[in-house]
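With chain A fixed as given, assemble chain P onto it according to the hints.
Those protein sequence lines, which keep their order, are chains A and P.
Residues 2 to 682 in the numbering used here are what the first sequence spells out, letter by letter.
Residues 6 to 116 in the numbering used here are what the second sequence spells out, letter by letter.
Simulated from the structure, these hints should not be mistaken for laboratory data.
C-beta atoms are modelled at their ideal positions from N, C-alpha and C, and glycine is treated no differently.
Careful: at least some of the hints might be erroneous.
[What the hints assert, rightly or not] Computed, partial: chain P to chain A, Cβ under 8 Å:
{"id": "1", "residue": "Ala-61"}
{"id": "2", "residue": "Met-67"}
{"id": "3", "residue": "Ser-68"}
{"id": "4", "residue": "Leu-98"}
[As the list claims (entries may be wrong)] With a cut-off of at most 20 Å between alpha-carbon atoms, the simulated EDC-like pairs for lysine to aspartate or glutamate come out as follows:
{"id": "5", "chain 1": "A", "residue 1": "Lys-586", "chain 2": "P", "residue 2": "Glu-94"}
{"id": "6", "chain 1": "P", "residue 1": "Lys-90", "chain 2": "A", "residue 2": "Asp-620"}
{"id": "7", "chain 1": "A", "residue 1": "Lys-586", "chain 2": "P", "residue 2": "Asp-51"}
[Claimed, not checked] Some chain P residues close to chain A (C-beta under 8 Å, calculated; not the full set):
{"id": "8", "residue": "Gly-64"}
{"id": "9", "residue": "Glu-71"}
{"id": "10", "residue": "Gly-97"}
{"id": "11", "residue": "Asp-100"}
{"id": "12", "residue": "Leu-101"}
{"id": "13", "residue": "Val-105"}
Take a look at the letters that make up each chain.
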Amino acid sequence: MYPITLKRFTWIISAICLLSIAWLVIGLWDISHSTEAINSPVFFSLLFNSAIAAFLFCAFYAVKQLINQYKKNADLSSLLWHIFYSATVSILIILVGKAFLINSAFRSVWITNAWNLFQFIIYTFFIANCFFCIKRMILYQKTNRTIMLWAVFELSVFLSILTSFFLFKYTHFSFLLLTSPLTVLGVYLSFNVKWVAFLNLKQKLSAIALLGISLSILAILLFDFYEQHMVSNLAFDSLNNVFIIAISAFIALNISISILVLAFSLPTSSVFEQKFGEVMLFQKLHQSIQLGETEAAIHRALLESCYDSSLANGGWLEITNQNGRIVGFENQGIDHIDAFNFKNLLRKNHIKITSEPQYIKDVKILAHREKINTYKYKSLLLLPLLSGQNRLGTLVLLKDKVNAFDKEMVDMIITFMSQAAIAIQNSRLMGEALETERYREELKIAKQVQERLLPTIPHYTSDIEIAVLTGGATDVGGDYYDFFKHDDGQITIVLGDVSGHGTSAAFNMAQIKGIFQSLVQFNFDPIDFLRHSNTAIARCFEKNTFLTLIVIKIDLVSKSIQMARAGHCLPLYFTDKNASYIESKGTGLGVVRGKDYADFIECKTLDYKSGDALLLYTDGIIEASNQTGELFGTDRLKNVFNNYRELKANNLLEKIFDEAKGFSGKVEPEDDSTLLLLKFV
Amino acid sequence: MTISSNKENNLCVISIDGEIDASSSIDLDSKISESLKNGERKILVDCSNLKYISSAGLGVFMSYLEDFESQGIKIALYNMDDKVKSVFEILGLIDLISIVPSKEEAITLVS
Numbered sequence: 002m003y004p005i006t007l008k009r010f011t012w013i014i015s016a017i018c019l020l021s022i023a024w025l026v027i028g029l030w031d032i033s034h035s036t037e038a039i040n041s042p043v044f045f046s047l048l049f050n051s052a053i054a055a056f057l058f059c060a061f062y063a064v065k066q067l068i069n070q071y072k073k074n075a076d077l078s079s080l081l082w083h084i085f086y087s088a089t090v091s092i093l094i095i096l097v098g099k100a101f102l103i104n105s106a107f108r109s110v111w112i113t114n115a116w117n118l119f120q121f122i123i124y125t126f127f128i129a130n131c132f133f134c135i136k137r138m139i140l141y142q143k144t145n146r147t148i149m150l151w152a153v154f155e156l157s158v159f160l161s162i163l164t165s166f167f168l169f170k171y172t173h174f175s176f177l178l179l180t181s182p183l184t185v186l187g188v189y190l191s192f193n194v195k196w197v198a199f200l201n202l203k204q205k206l207s208a209i210a211l212l213g214i215s216l217s218i219l220a221i222l223l224f225d226f227y228e229q230h231m232v233s234n235l236a237f238d239s240l241n242n243v244f245i246i247a248i249s250a251f252i253a254l255n256i257s258i259s260i261l262v263l264a265f266s267l268p269t270s271s272v273f274e275q276k277f278g279e280v281m282l283f284q285k286l287h288q289s290i291q292l293g294e295t296e297a298a299i300h301r302a303l304l305e306s307c308y309d310s311s312l313a314n315g316g317w318l319e320i321t322n323q324n325g326r327i328v329g330f331e332n333q334g335i336d337h338i339d340a341f342n343f344k345n346l347l348r349k350n351h352i353k354i355t356s357e358p359q360y361i362k363d364v365k366i367l368a369h370r371e372k373i374n375t376y377k378y379k380s381l382l383l384l385p386l387l388s389g390q391n392r393l394g395t396l397v398l399l400k401d402k403v404n405a406f407d408k409e410m411v412d413m414i415i416t417f418m419s420q421a422a423i424a425i426q427n428s429r430l431m432g433e434a435l436e437t438e439r440y441r442e443e444l445k446i447a448k449q450v451q452e453r454l455l456p457t458i459p460h461y462t463s464d465i466e467i468a469v470l471t472g473g474a475t476d477v478g479g480d481y482y483d484f485f486k487h488d489d490g491q492i493t494i495v496l497g498d499v500s501g502h503g504t505s506a507a508f509n510m511a512q513i514k515g516i517f518q519s520l521v522q523f524n525f526d527p528i529d530f531l532r533h534s535n536t537a538i539a540r541c542f543e544k545n546t547f548l549t550l551i552v553i554k555i556d557l558v559s560k561s562i563q564m565a566r567a568g569h570c571l572p573l574y575f576t577d578k579n580a581s582y583i584e585s586k587g588t589g590l591g592v593v594r595g596k597d598y599a600d601f602i603e604c605k606t607l608d609y610k611s612g613d614a615l616l617l618y619t620d621g622i623i624e625a626s627n628q629t630g631e632l633f634g635t636d637r638l639k640n641v642f643n644n645y646r647e648l649k650a651n652n653l654l655e656k657i658f659d660e661a662k663g664f665s666g667k668v669e670p671e672d673d674s675t676l677l678l679l680k681f682v
Numbered sequence: 006m007t008i009s010s011n012k013e014n015n016l017c018v019i020s021i022d023g024e025i026d027a028s029s030s031i032d033l034d035s036k037i038s039e040s041l042k043n044g045e046r047k048i049l050v051d052c053s054n055l056k057y058i059s060s061a062g063l064g065v066f067m068s069y070l071e072d073f074e075s076q077g078i079k080i081a082l083y084n085m086d087d088k089v090k091s092v093f094e095i096l097g098l099i100d101l102i103s104i105v106p107s108k109e110e111a112i113t114l115v116s
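Only chain A is shown next, with the shape it has when bound in the complex (with noise of 0.2 Å):
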């Protein structure tokens, strides 16, 4: 809707223009062709003059309308190209119809005074573009202050032409006193050249040239109005209006005041660029970084904003791991070879990468520069890209004159190059944090699985008591215990430990979990049961893997015990008020492969009877040490439990954990434990 509103509402404007235009040129035929021209009524004066102010009203307005649509999002180098190109086209225009008059023969007043009104149209266009175009140079950069300056300023200028209305003299008092507070404002807004600064060298050159063209152009015309004024005898007087005034002289000292900046700021415009330039390029360092560019980008960056800022003629960078071995290298301006024999240069030299940036003014007077003699570079500067006290790499840039690197230059380099370190240093950090992260989950997944193979403790009779604790490490253990009740009614326990931590000990504890299934299923005594177990251990396992396993089977009918050690700790088994080890031979499943391995475990059976107890643990438990090194030991253990035996079975359990935390002295154990227990009732 809107701009079709825009556009209805300036053609509205430029129909009273024309309009405007039509009367002010009839107004005139009337004047010229009436004998009374000079002494001229008041009522056609005053037509006359509500039709100049119409006119211009509605050709400022218009004009506003267009370059506020068109020039929206205008930058200074298209607004210094609409002045100029609406003071080459008033001023062609002009030319072209003065070339025409001159060749015309008919020039009685009616003509001198249609064509002073013409020249008149086209001047107020042309302040018109000029004063809309300067008007959003000034508010280039909008500050709450000068908008309303700015304001203030256009809407008295609109009023002041009201003053058309009343006949003044342009010398007369009344004329200066509503001027001045008029040309206050406008010498204030004309100093507001902040847009000057915006642009570099280049477009200065050319803004100057047309802003100058431009300003030139003004002068001719306002002149050939005065000379017209001077010279002919006209209707009415241009100049006796306090807006076309106003207007003229606000963009004439307007356009001066900037060229003037303009040229003043030439000499110093290079460095102000130069300035600009660092801006940019941290700006682009620090982009690099926030979008969390990969390390190698931001050497890159890193090395073209310290190349670009000191303007150097060559240069590398290095980056080097905790151990000092290069595992990056950027350069520019150099080659490998070239920059290979710089680096032996300093060596031989005994040159030494510090903490501090070091710079060579010459390098030519440095000993055994055969090699480099023939390089164009003459000075040196050599930095350490440094992230606290670590060393993450080398900076080194050349220039083609001696002694060529400044003090600012270095501080600029310096600053770069902590911004950068910090970014790689977070981005190895975040790197680190993202395998830790990784790892951690991998550890939950393979804990969550152990969880699941591991049984919940079944009650198969009330004559016995299974209790089973496990104390762990954080990490995935390798723990392994199950129950079997067979159909003839005996028990099948056992308790296993897979050598080794982490992901594969969970997966290989999976593994036996399987084969115990389908083995317990044929009801094997335990040599049998250990003998087919190895066999398929022996095909399944890694070669440097094995397992300690223990197996119990219970007769609850006959009340006996019968149980093979495969390479497990020995089991302790209260009777008599007394606990002792039981003794066996055994080898851990997966040591023996390939000859038979029933050779090198035995059975060993015993009776039990109501008050008995046996217990079963892994090597977590006994291999608690304290701060000397003293492990918590068989012998300890024994004592525990001889001291606690009266206690239920799980608290028995539990006070057996907590002893070995209390001998030693972490809170955490350092190997995962399982303790099973049986006793009878």
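Just chain P, lined up with the frame of chain A:
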């Protein structure tokens, strides 16, 4: 853990100093495999300074048992601490790998 090997006459003597845990077991593994590659047929392991051996370390010894057997390589561990020895005993590795008190006995065994 530091591990080194010396040649004495026609014997390869590997000395272990410290503890063998999961990470240092890799060094033990590479040392033994290096000796095998060099064609050693008689290997002695000096365990005087071996303070502790984990299941990973035991696994390393175990993984070479078949190779030793098939290639006729003789290996003997000597001067082992009692605590470390008991680990070997419980696991039943005593019958599979020779552990003797002194160096002289070890030399006799492998020759």
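Per-residue hint verdict: Met-67/P, partner chain A, C-beta under 8 Å: With a closest approach of 5 Å, the Met-67/P hint holds.
Leu-98/P as chain A interface residue, shortest Cβ-Cβ below 8 Å: Leu-98/P check passes; min Cβ-Cβ to chain A is 7 Å, inside 8 Å.
Regarding the pair Lys-586/A and Asp-51/P, is the alpha-carbon distance no greater than 20 Å? violated, 26 Å
Tell me if Leu-101/P is really an interface residue toward chain A, meaning its C-beta lies closer than 8 Å to one of theirs. It holds, given that the least Cβ distance between Leu-101/P and chain A is near 7 Å, below 8 Å.
Going by Cβ atoms only, is Asp-100/P closer than 8 Å to chain A? holds, 6 Å
May I ask you to test the interface hint for Val-105/P with respect to chain A, counting a Cβ-Cβ separation under 8 Å as satisfied? At 19 Å from the nearest chain A Cβ, Val-105/P fails the 8 Å test, so the hint is violated.
Measuring from the C-beta of Ser-68/P to each C-beta in chain A, is the shortest one below 8 Å? holds, 4 Å
Interface hint check: Ala-61/P, Cβ to nearest Cβ on chain A, cutoff 8 Å. Holds or violated? holds, 6 Å
Check whether the Cα positions of Lys-90/P and Asp-620/A lie no farther apart than 20 Å. holds, 15 Å
Regarding the hint that Glu-71/P lies at the interface with chain A, is the smallest CB-CB distance below 8 Å? holds, 6 Å
Does the alpha-carbon distance linking Lys-586/A and Glu-94/P stay inside the 20 Å limit? Holds - the C-alpha atoms of Glu-94/P and Lys-586/A are around 9 Å apart, at most 20 Å.
With chain A as the partner, please determine if Gly-97/P meets the hint condition of a C-beta pair closer than 8 Å. holds, 3 Å
Hints 7, 13 from the list above are not met by this structure, while the remaining hints are.
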